[in-house]
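Q: Work out the full structure: start from the sequences and follow the hints.
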Amino acid sequence: MIRAVGKPLEEIIDMVKDYDKILLAGCDGCVTVCEAGGLKETKVLGSALRLHFTQAGQNKVIDETSLTRQCDPEYVGQLRDTIDNYDAVVSLACGVGAQFVVDMYKDKVVYPGVDTCFLGVTEERGWYTERCQACGSCILAETGGVCPIARCSKRMLNGPCGGSEGGKCEVSPEMPCGWQLIYERLKTLGQLDRFEKPRDTKDWTSSRDGGIRQIVREDLRI
Amino acid sequence: MRLQYPPDIRIIQVPCTGKVDILHLLAAFEEGADGVFVAGCLEGDCHFIEGNLRAKQRVKRVKEILDKVGLGGERVEMYNLSAGQGGRFAEIAREMDQKIRELGPSPIKLSKKKSTGSRVEVAA
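The listed protein sequences derive, respectively, from chains A and B. In terms of the numbering used here, the first sequence is numbered consecutively and its last residue is 239. In terms of the numbering used here, the second sequence is numbered consecutively and its last residue is 125.
Think of the hints as simulated: they come from the structure by calculation, not from any bench. All values derive from a computational prediction rather than experimental measurement. The beta carbon of each residue, even a glycine, is placed where N, CA and C say it ideally should be. Among the hints, a few may not be true.
Covered, in the sense of this in silico footprint (three residues per stretch, anywhere, with C-beta under 8 Å from a C-beta of chain A), are these stretches of chain B [as the list claims (entries may be wrong)]:
# : region
1 : 24 to 34
2 : 66 to 78
Using 16 Å as the maximum straight-line C-alpha spacing, the simulated EDC-like pairs for lysine to aspartate or glutamate come out as follows [stated by the list, open to error]:
# : chain 1 : residue 1 : chain 2 : residue 2
3 : A       : K77       : B       : E31
4 : A       : K57       : B       : D22
5 : A       : K171      : A       : E187
A: Written out as structure tokens, the structure is:
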């Protein structure tokens, strides 16, 4: 799932300070799970902004809503009847959702309320770690289900490097070495022979090569 | 025990401080409360295991928010005491009341021109 963190309050205050009517639009998808941009966080931000502007003697309209998903047109379309009541929108969805609001309401000022970070898992509440970099060509089958692209700091295809020590990456003593994880996993599976076979250069054309990526599923289109 | 504590404190009862949400605390300030203190059970004594620890984290976050919006994080506090510590409750209430009086009325209340003196909310 996409993981994000709320932008610093000062940054959001600075973005919206010149507008009188502001809509805070949360997303009930990924950002709700990591408690960065669901309805609850949207209401917290709304309350904080009202406190700030009220104590500063500025009377602003600050309303909150949250859409099922901001990355699908049917849900973003639900803003159609109300969005013109506002001068600016702060989207608490990931960068994908914020941009989709821009796409659908081209004359509206839209600001991001969160910093979108990575595709990751919940280790425990409040602790999320990266697992996938959406390279578009999954090699998990070859690496025991541990991704060297996301979990090796150097994205090495034939690791570990000389910076791996005691199972940790040289980047940080707390950071597990991705290739150590791959080695241990393959050992557990009895597939260490995979580890001994050098991998060919990865085909990166499915990643950012060639510009903006698209998926077109003709079987789903009418 | 007939303990005395300031009469301008309004007590809001909840089953556990784990029920106290960030939004509840912020709503109190939006409504013009001068200060809020959350009175939870002693750490390690929560019937629901970690309700008071959750409340502690939420109070910490509200403090950060109040600092950033210009109200001052010292207007909200978390205290831990047992149900048998009535004397301590009165002491905390007086301490909090005094602190809030020194800080002055909430700027929100002043801004809304509803100035009627100090008011402290308690979630217990």
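Q: Provide an ascending list of the numbers of those earlier hints which the structure does not satisfy.
A: none
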